[in-house]
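As they're listed, the protein sequences go chains H and F. Per my numbering, the first sequence starts with residue 1, numbered consecutively. Per my numbering, the second sequence starts with residue 1, numbered consecutively.
Note that these hints are calculated values from the structure, not bench results. It is possible that some hints are incorrect.
FRET-style restraints, in silico, Cβ to Cβ [to be verified]:
1. Pro309/H x Pro192/F: 40 to 48 Å
2. Thr112/F x Glu427/H: 23 to 31 Å
3. Ser11/H x Glu271/F: 48 to 56 Å
4. Leu531/F x Gln338/H: 40 to 48 Å
On a predicted model such as this, the values are computed, not experimentally measured, just so you know. Cβ coordinates follow ideal geometry from the N, Cα and C atoms, glycine included.
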Amino acid sequence: MKNIEFRTATSAQGGLVVMGGVPGVAAGSRVQLRDHAGRIRSGLVIRAADDAVLVEVFEGTDALDLENTWVRFLDEPFKLPLSRDIMGRVFNGSGLPRDGRPPIISADRRDINGEPLNPAARAYPREFIQTGISAIDGMNSLTRGQKLPIFSGGGLPHNRVAAQIVRQARLLGEEAAEFVVVFAAFGASHADARFFQESFEESGVLNKVVMFLNLADEPVIERLLTPRAALTAAEYLAFDLDYHVLVVMTDMTAYAEALREVAVLRGDVPARKGYPGYLYSDLAELYERAGRIKNRRGSITMIPVLSMPSDDITHPIPDLTGYITEGQIVLGRELANQGVYPPVTVLPSLSRLMKDGIGKNFTREDHPHVASQLFSSYAKALEVRGLAAIIGAEELSDADRRTLEFADAFERRFIGQGEDEDRSIHETLNLAWDLLSMLPPDTLIRVSEVELAKYHKGAA
Amino acid sequence: MGKILEINGPLVKLELPQTVIGEQVRVGRMGLVGEVIGRDGDTALAQLYEDTAGLRPGEVAEGLGWPLSVELGPGLLGAIFDGVQRPLQAVWEQSGDRIARGVAVPALPRDTRWHFVPEPARQAGSALIGGDVLGSVQETESIRHRILTPPLIRGELLELAPEGDYSLEEAIGRVKLADGRIEKLYLFHRWPVRTPRPFRQRDHAVVPLITGQRILDTFYPLLKGGKAAIPGPFGAGKTMLQQQIARWCNAEIVIYVGCGERGNELTDVLESMPLLTDPHTGRPLMERTLLVANTSNMPVVAREASIYVGITIAEYFRDQGYDVVMVADSTSRWAEALREVAGRLGQMPVEEGYPAYLGSRLAAFYERAGRVETCAGDHGSVTLIGAVSPPGGDFSEPVTSHTKEIIQTFWALSKELADARHYPAVDWLESFSGYVGSAAKWWAQHVDPNWERDRAEALDLLAASEELQRIVNLVGVEALSSEQRWTLEAAGLIKEGLLQQAATDEVDSFASPEKQYALLAALLEIYRHGLKLVKLGAPARRLIQMPLLSQARRWKSQHSSDELAALKAKIAAIPDAFEPLLQEYAHHPSPLRGEGQGERVSAQAPGSQT
Numbered sequence: 001m002k003n004i005e006f007r008t009a010t011s012a013q014g015g016l017v018v019m020g021g022v023p024g025v026a027a028g029s030r031v032q033l034r035d036h037a038g039r040i041r042s043g044l045v046i047r048a049a050d051d052a053v054l055v056e057v058f059e060g061t062d063a064l065d066l067e068n069t070w071v072r073f074l075d076e077p078f079k080l081p082l083s084r085d086i087m088g089r090v091f092n093g094s095g096l097p098r099d100g101r102p103p104i105i106s107a108d109r110r111d112i113n114g115e116p117l118n119p120a121a122r123a124y125p126r127e128f129i130q131t132g133i134s135a136i137d138g139m140n141s142l143t144r145g146q147k148l149p150i151f152s153g154g155g156l157p158h159n160r161v162a163a164q165i166v167r168q169a170r171l172l173g174e175e176a177a178e179f180v181v182v183f184a185a186f187g188a189s190h191a192d193a194r195f196f197q198e199s200f201e202e203s204g205v206l207n208k209v210v211m212f213l214n215l216a217d218e219p220v221i222e223r224l225l226t227p228r229a230a231l232t233a234a235e236y237l238a239f240d241l242d243y244h245v246l247v248v249m250t251d252m253t254a255y256a257e258a259l260r261e262v263a264v265l266r267g268d269v270p271a272r273k274g275y276p277g278y279l280y281s282d283l284a285e286l287y288e289r290a291g292r293i294k295n296r297r298g299s300i301t302m303i304p305v306l307s308m309p310s311d312d313i314t315h316p317i318p319d320l321t322g323y324i325t326e327g328q329i330v331l332g333r334e335l336a337n338q339g340v341y342p343p344v345t346v347l348p349s350l351s352r353l354m355k356d357g358i359g360k361n362f363t364r365e366d367h368p369h370v371a372s373q374l375f376s377s378y379a380k381a382l383e384v385r386g387l388a389a390i391i392g393a394e395e396l397s398d399a400d401r402r403t404l405e406f407a408d409a410f411e412r413r414f415i416g417q418g419e420d421e422d423r424s425i426h427e428t429l430n431l432a433w434d435l436l437s438m439l440p441p442d443t444l445i446r447v448s449e450v451e452l453a454k455y456h457k458g459a460a
Numbered sequence: 001m002g003k004i005l006e007i008n009g010p011l012v013k014l015e016l017p018q019t020v021i022g023e024q025v026r027v028g029r030m031g032l033v034g035e036v037i038g039r040d041g042d043t044a045l046a047q048l049y050e051d052t053a054g055l056r057p058g059e060v061a062e063g064l065g066w067p068l069s070v071e072l073g074p075g076l077l078g079a080i081f082d083g084v085q086r087p088l089q090a091v092w093e094q095s096g097d098r099i100a101r102g103v104a105v106p107a108l109p110r111d112t113r114w115h116f117v118p119e120p121a122r123q124a125g126s127a128l129i130g131g132d133v134l135g136s137v138q139e140t141e142s143i144r145h146r147i148l149t150p151p152l153i154r155g156e157l158l159e160l161a162p163e164g165d166y167s168l169e170e171a172i173g174r175v176k177l178a179d180g181r182i183e184k185l186y187l188f189h190r191w192p193v194r195t196p197r198p199f200r201q202r203d204h205a206v207v208p209l210i211t212g213q214r215i216l217d218t219f220y221p222l223l224k225g226g227k228a229a230i231p232g233p234f235g236a237g238k239t240m241l242q243q244q245i246a247r248w249c250n251a252e253i254v255i256y257v258g259c260g261e262r263g264n265e266l267t268d269v270l271e272s273m274p275l276l277t278d279p280h281t282g283r284p285l286m287e288r289t290l291l292v293a294n295t296s297n298m299p300v301v302a303r304e305a306s307i308y309v310g311i312t313i314a315e316y317f318r319d320q321g322y323d324v325v326m327v328a329d330s331t332s333r334w335a336e337a338l339r340e341v342a343g344r345l346g347q348m349p350v351e352e353g354y355p356a357y358l359g360s361r362l363a364a365f366y367e368r369a370g371r372v373e374t375c376a377g378d379h380g381s382v383t384l385i386g387a388v389s390p391p392g393g394d395f396s397e398p399v400t401s402h403t404k405e406i407i408q409t410f411w412a413l414s415k416e417l418a419d420a421r422h423y424p425a426v427d428w429l430e431s432f433s434g435y436v437g438s439a440a441k442w443w444a445q446h447v448d449p450n451w452e453r454d455r456a457e458a459l460d461l462l463a464a465s466e467e468l469q470r471i472v473n474l475v476g477v478e479a480l481s482s483e484q485r486w487t488l489e490a491a492g493l494i495k496e497g498l499l500q501q502a503a504t505d506e507v508d509s510f511a512s513p514e515k516q517y518a519l520l521a522a523l524l525e526i527y528r529h530g531l532k533l534v535k536l537g538a539p540a541r542r543l544i545q546m547p548l549l550s551q552a553r554r555w556k557s558q559h560s561s562d563e564l565a566a567l568k569a570k571i572a573a574i575p576d577a578f579e580p581l582l583q584e585y586a587h588h589p590s591p592l593r594g595e596g597q598g599e600r601v602s603a604q605a606p607g608s609q610t
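Here chain F stands alone, though its shape is the one from the complex (with noise of 0.2 Å):
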């Protein structure tokens, strides 16, 4: 027992002697908790993960014996957790509406009784290393969770309990470990967050993240396992996104980490979750969820802690063969937090006050992310999605740079689309994706062999839009060619009817891959026929006009991904609506019109057939 000497916001100096850096600590007679983050003769210097208003000095401290450490086992999905995993749903019915100071309420529930099913090959007498397979639990009717054996466990298991209902307090078998010892095994262990869950090795990541968005899985594949950063200004629509991606998004379990965002956005993703299906299993979308929430009016150190309470939960469930999606909306708030612990110590900052580790902290943690052979020999990921909140909007700012360096897919968000409503706001000349070599070989086996093509024709034609609109911001649209005309409303065509997804609306939410690929290629073929036309001489301005083109931007939002037979024959109609014009422009070549000036020209022509 040791006790406090000095309090200073949620610094602690305590007279702890023979505690470890990173050791949790017991304070006060509230019995606040925080972990030690420093060491001087006797005394210990802690960083509390509760406000500290009210502690005295003189007043008793313990150390507890191990680091931050999380509760591993069934009863975590559909969960909500504070940012060192106290339940807060518990926590409610325990303490009200308000966080009390000092609760103590297990992770995990201990009276819940779990059908446990062992499994075939663990017979007694056999060996058993760390991340094997003891059986499993049917959590939630889609996830089966594998009760896995402690990583660091290696030894002889003498005895695994039959099939029964168990709670996480009943040991459900004993192993015989090397040094003679014999320890228990139950439903669930514990894994401290700073240290990142072994595995056999890294394998490459191959598969895209569907996420149902086409400015994502289109342009800027993510894959599974892969590292992506939303870096936005506040009004940018990133929480919007993210909450689309942990809805949609084909992986098998999502955690959303809230660090030090809103309160009412958490409420709505728990209010609207369990409503909504997974369109992969036909689910409640709660039922492979789980959200670790510090909201940003709740203590700070706890924030610094949340991100990784949320990504050793992530390592868990992959060391179960399962891909799972981290989003941690958002990183800058994580790393406000270190800053401010940085500022109490006295660290001399470098950047913006940011402490010199901001780097290799958010790279250390990023890299925690992959696709990996687990130590039970299966396949799982984990990928990571970082919102980052650069103040003012400005990319160059530490938190934004250091992430960019180490992500390989960048969404960034652009003010100047979303002041425009156009969402999501995913500006396609900023951002950058490292796996599109990776994605296209998906892309072509499943979907279609032309994806890569097409993916890259619209950009160009994006690109070239965007010099275009600069001409025109000039001197008016009048000085363009026809066939920069065209191009400028072909780019038009994809934004308003590609990239531009209503969340809120049933049909446009998500987007199947199929779907996705079918739009892209219609508008590309729109594209192409009128290209054609203009070529033949047809003046821009009767394209324009086609009612095919305001026809196609609905189509988005008039067939969803099931239905996609209907799209297929508005696209199959496609040539039709072109050959009109087709006829009268074959037949009546006009080589010698020069640009602009012809399209006077054929303004004039008696060619109007309406």
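Isolated chain H (complex conformation) (with noise of 0.2 Å):
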């Protein structure tokens, strides 16, 4: 069946093509479809019945005649060829090398769509990962094998924080040596694709680093494979060579947007604005492949990156990557038109898996504490702020405006820090107390009493 070219398209339109007696078809088999020009486009069967198969083409339609077209069905869906040689390479969406080297041959090659992992192999991530940010560590701390998105919005230094974690990120302890990031872009800006490839150059971490690259001009179809790919890859490096992998997927707003251009041409029912009832199920097929497996040494870490449309945290995109995700780290315009960076808004920002990261055996005893704190203050604080706002500065007592100081060192000192910064965990914590004590001992009740005598600088 590889090897017949059928010639018996029935119908083309607007990306789909269909094909009149082709009996045996597998659904879901990659197809080649070569033109009237001779030029091959390449495609998905999506629909298979002895009288007609419905193959979506990822090149489009345009230009394309019904009597010189010859189709080959493949008869597997899409693979991607995978080795140690993959490390330090830049691939297209569909697998094939855009560094101008020799493509990856090998006889191990994967179905892109991977299966779903059982959940009772899944092990349950622990181990703290330091970014070097304190608003990430100290109060949304990453674990191995956790997905936490950046959500953003235009115009936000979403690629510059991205950039940071995957230059500073580390395990504490000694297995620094065995991690490797996997890169995926899609729908990706030149200008992006480059800031990132000079970032890791620089950085030195290019060769540790694998990419997948679909960028904006590109099919819109192969950015629904771009991330599959990168995954595949992923998988194989953490669960075959035991590799601890940082995934970074940018920006899954394009990939979400390409799947809803898909699923028009496809007739789909749209759900809410346009997208299909699916994109839930779709996005958790991407973000569920992060984790740990037990009896595996590897991990799979997940920080996709999405820009909000208008800054809206309830447009579907962010909602359903919320309801999928460990939580979400958040940038907000506010704090960045002020120059702090990172601008991370910490109050809807979230870590599900913290609580189970940090602490007595892994960072350090009063972790949990003293983030709850700094939420807590922080969130009173805003408050004050907010009053302040309406009946001024002046009106305020004492104790307020000593809130409203805090806010404030708490924007610039805490969440505000270099580009080139690296902090260690203890530094973060040491720098929230000194923060913590700015305000009175008896109004720090998420912190206990033993920690207030320990650490608070006016507790003495």
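Combine both chains into one complex, guided by the hints.
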């Protein structure tokens, strides 16, 4: 079947070609299509019946006729060849090299759709990953095997934050050498792609990075393959070669928009804002490939980056993502406008797995309480700030004024830090206590009395 | 034998005459399983529980002759099943880390031998009716698994095996049916998941389900056999709250259905449950728990089935006379699975793409909860707690609004509270419970006759403070009278000292009803003492400075439910803390001071004793 070319196209429209009289074609099989000019396009079988096979053509149906279109059914799903040599390489969304070097030749070729991980085989993420960024390490800690997205907006420095995490992320302890990065960009601008490439090069991590790039002017359907190819590579590195893999994917909004575009072509019933009803399941198929497996040494930790359309966190893309991922790091325009970098808005940010990866045996015994106290004190301080905006700072009590000073210092010194500043978790926690010491000890009820006595600068 | 005609996503058109709608089919060389959802001439339309990639038109298909059913018998507890009751632990051992397609593993282990003790009343020759207890198996140390007669059987017991060890494949008895057929009885039987199991009649739910969570038990109680929903946007702590309920509630069996949720959360439950002990029996929690897991990356059709698998197992334990809690996380994902299939069938979408039957399906599902008199004359209950994940946290969306009409207890989670790290983030203004009256009787009888009054007083205080907070946000706290400031402070005390509860804190994670009421009464007593003083003319500022207030905020995490004596001693000392102020102001009443103004005057008064 693989070697037979069929010329039985009966209709072509909107990216879809119907083939007649091709019996026994497997659903989900890959297709190669040769047009009248001899150009090769690729596609996928999305509906199979004996009398009509529906093929989705990635490059679209422009300049296609029915009479001179030749189609081969490759009889297998999209597969990615894998070997150790993928390290340091750059591929396109379908897994072909785009760095001018030869393609990967390997007998080990895997279906990029993967298979769902058995929940009974999962191991729970517990180990703390230090990113060197206080707002993350101190208050929204990342653990190995977690998926923690960055929610951002147009014009915010999410790429710089993502690059900083890639440069600085490390495990506490001796396993630092086993850390590698899989980077996938879809719908990215040429400038963004170059920024990441240069940033990895400068910091000397390039040979530990596998890149999958689908740029903004490349086929939309390939955008749907890019994260799957990247995750297949990540699974190979993590669970075959025992690496700890950090997967950075950007920008999930471009991915979801590509999915919507394809869904409309297929005629799927739209749910919210024109996105198909299966957007949740589709995103989950990607995100849930992060994790750890019992009896395997490696792990996949995922940082998807998405820009929220109009900064709206209730938009379907961030909303559904938030329901699947284990928390979110939210970047805010207000802080960015005040020149705070990284502009992490801590109150809506959250790491669900933090509680199990910090504290006594992982970071420091006071960490859980300090994080909780920072959240609570800062939330109160913002209330006071709102009040001050109405009644004027002069009307505030002394205690309230001190709270305001705390909020300012917290934003400038704790959240704000240099793009090259790599803070250890101890530095982060000590800094937190410096700031909490600006507040009277009896207002700090989230920390224990023992911790107050030990760390609060004003307690003595 | 039939064959595949067309494959379209999870939907497959088959040439398969004489199949019944709802019947299970096995399709293709991989042996994928699904169910028939429509017939047209000789063709049948089936939805498959597994990914259809690689299937080809022309491959074989066969009808299996029964609808989607679950196996009910010993071996259920402590297990983790997928959405169609495949045992994931056994599947893991057989097919590795990834779930391979077409795996066929029986739900209950066939090689385990269980020690069966027959019921003395069941003698050969006696009449046997569906639901009758044949005997029992001590499945775990805390749970005695009663072996039930399959519900539809009615006849004469011919023989019943003596006490001894039996596997699920060995018959333990024979029964002669009314039509003369003889049927064998086993330790387990099958039941179709979409049909509610029969019972004699519905009972009134009367006993509250104690979850150990103060905001739930004290303020918005749920009864055993009741229906509750937990709606909340992501990050509001929905899963955490459900896990807390699964851990600490005083049901005898807990079924946790992870429907389209995160894989790591189930792993968390699987890893933490065996380590935790049941506060009511002292045994590991896993002994009374079972999990049904269809994580978000598993096939969507099995997700639709998973909550039915869960509720059927819940009903089975109810029929044994147990109080069962089923937690479904999340019903929104189930509704989305319904929408996805409806979309592929080309059914007319109504609201947000959901099919028109969403409301009736939801209602029919929740109606399977309840406290009943079982066929055997026992009493059992199924309490149903469904999480709802409204898109964007909008409670007016279809799934939340339909659910709200069906359930009795509504635990609304608020993003604002969660952002301020007020956990559990149950919003005390949005939530409601239709069971307060029934619960009050129980609390009055078992804990304290004043429960209903105190609960209402605390809620009034919280509502009043919400009003005052609005004023403060506009004009600042200085504009309030002393009494109003004290109200605000007391509400804060209740929020921090009672409503907030740290799931990760060993002491605070679970609070017995006695501890819950002790804290409630204590905080209200502080409020009443303060109020009396304010009315005597004491400025709120002096009261707010009392060390007692910050001490009282820590009481919840200083005294566990087993050692309430120390807490009660502190509570008994509350009047003493107010004594000095009372002395001062009782003798110098100042009735002429006005609101707000009064505070400034008294602040200048030489009265500070420190």
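Exercise for the section: Confirm or reject the claim that Pro309/H and Pro192/F have a C-beta distance inside 40 to 48 Å. Expected result: Distance hint for Pro309/H, Pro192/F holds at roughly 45 Å.
Exercise for the section: For Ser11/H and Glu271/F, compare the CB-CB distance with the range 48 to 56 Å and indicate the outcome. Expected result: holds (54 Å)
Exercise for the section: Could you tell me whether the CB distance from Thr112/F to Glu427/H stays inside 23 to 31 Å? Expected result: Violated: the Cβ-Cβ distance is about 55 Å, outside 23 to 31 Å.
Exercise for the section: Using the beta carbons of Leu531/F and Gln338/H, state whether their distance is inside 40 to 48 Å or not. Expected result: holds (43 Å)
In this structure, only the earlier hint numbered 2 is contradicted, and the remaining ones agree with it.
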